[in-house]
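The primary structure of each chain is shown beneath.
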Amino acid sequence: DQQVKQNSPSLSVQEGRISILNCDYTNSMFDYFLWYKKYPAEGPTFLISISSIKDKNEDGRFTVFLNKSAKHLSLHIVPSQPGDSAVYFCAASDGVTDKLIFGTGTRLQVFP
Amino acid sequence: GAGVSQSPSNKVTEKGKDVELRCDPISGHTALYWYRQRLGQGLEFLIYFQGNSAPDKSGLPSDRFSAERTGESVSTLTIQRTQQEDSAVYLCASSPLRPGLAGGGDELFFGEGSRLTVL
Numbered sequence: 001d002q003q004v005k006q007n008s009p010s011l012s013v014q015e016g017r018i019s020i021l022n023c024d025y026t027n028s029m030f031d032y033f034l035w036y037k038k039y040p041a042e043g044p045t046f047l048i049s050i051s052s053i054k055d056k057n058e059d060g061r062f063t064v065f066l067n068k069s070a071k072h073l074s075l076h077i078v079p080s081q082p083g084d085s086a087v088y089f090c091a092a093s094d095g096v097t098d099k100l101i102f103g104t105g106t107r108l109q110v111f112p
Numbered sequence: 113g114a115g116v117s118q119s120p121s122n123k124v125t126e127k128g129k130d131v132e133l134r135c136d137p138i139s140g141h142t143a144l145y146w147y148r149q150r151l152g153q154g155l156e157f158l159i160y161f162q163g164n165s166a167p168d169k170s171g172l173p174s175d176r177f178s179a180e181r182t183g184e185s186v187s188t189l190t191i192q193r194t195q196q197e198d199s200a201v202y203l204c205a206s207s208p209l210r211p212g213l214a215g216g217g218d219e220l221f222f223g224e225g226s227r228l229t230v231l
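From first to last, the protein sequence lines stand for chains A and B. Everything in the first sequence is counted per this note's numbering, starting at 1 for the first residue and increasing by one. Everything in the second sequence is counted per this note's numbering, starting at 113 for the first residue and increasing by one.
In case anyone wonders, no lab produced these hints; they're calculated from the structure. Computed from a predicted structure; not experimentally measured. Just so you know, not all the hints are guaranteed correct.
Facing chain B, from chain A, some residues (calculated, C-beta under 10 Å) [said to hold, decoys possible]:
1) V4
2) S8
3) A41
4) E42
5) F102
6) T104
7) G105
8) Q109
Virtual Cβ for every residue (Gly too), placed ideally from N, Cα, C.
This is chain A alone, in the form it adopts within the complex:
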């Protein structure tokens, strides 16, 4: 039972354009959402988060949007840079179990 789903395994975007990574969840108890970035042979690193009381959180080139009614969140990267090429995981937690549930990841490739 995959509670956090990233249906696009890969995405290719030209440098300077917008990258949009999507994530869907099924558990309505989730109230905190995070995005992590992972380079090969490294552990994931935190990128940006959003609480369920908000619908948008922005940090520089990265913006996360949350649509609670649709149980959907997205990460926008603009402008995309070649250094953004990595695997992006979305994750969610609820206030009861505390554990973070991760999606399967989307591999983003930004080409010149």
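Since chain A is already given, all that's left is putting chain B on it; use the hints.
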């Protein structure tokens, strides 16, 4: 060190052998997680420790898997009688707070992982 440290970084073992993986969390972090990532798969939750509370073991795939943590320090993940399907990168992460608490800085800090290959 400043980050989460995991050892060994690589382990090759024969089917049926036991392995032990170690995680040194960031000092002061009360929460510690183990995840694994099999080839081509996402991050699979295994176990979660929070302070002195009973660990959440709901992600352990079988009784061959166990983990311990003493207080808020080192954790070891033990896999007994390893099978080929146990081959994966085992990732440890620590956090100063429970995810979702206000403050914004309560994300997980991951180690670089221990790559386990079972022949």
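Hints and how they fare:
At a threshold of 10 Å, the smallest CB-CB gap from V4/A to chain B is about 8 Å, leaving the interface hint in force. Given the 10 Å rule on beta carbons, the hint for S8/A is violated: about 13 Å separates it from the nearest Cβ of chain B. Using the Cβ-Cβ criterion of 10 Å, the hint placing A41/A at the interface with chain B is satisfied: the shortest such distance is roughly 7 Å. For E42/A, the suggested interface contact is upheld, since its CB lies about 6 Å from the closest CB of chain B, less than 10 Å.
The interface hint given for F102/A is met, as the beta carbon of that residue sits about 4 Å from the closest beta carbon of chain B, less than 10 Å. Because the smallest distance between the Cβ of T104/A and any Cβ of chain B comes to about 3 Å, under 10 Å, the interface hint for this residue holds. The interface hint given for G105/A holds, since its Cβ lies 5 Å from the closest Cβ of chain B, which is under the 10 Å cut-off. About 16 Å separates the beta-carbon of Q109/A from the nearest beta-carbon of chain B, more than 10 Å, and the hint is not met.
Checked against the numbered hints above, the structure breaks hints 2 and 8 and satisfies the rest.
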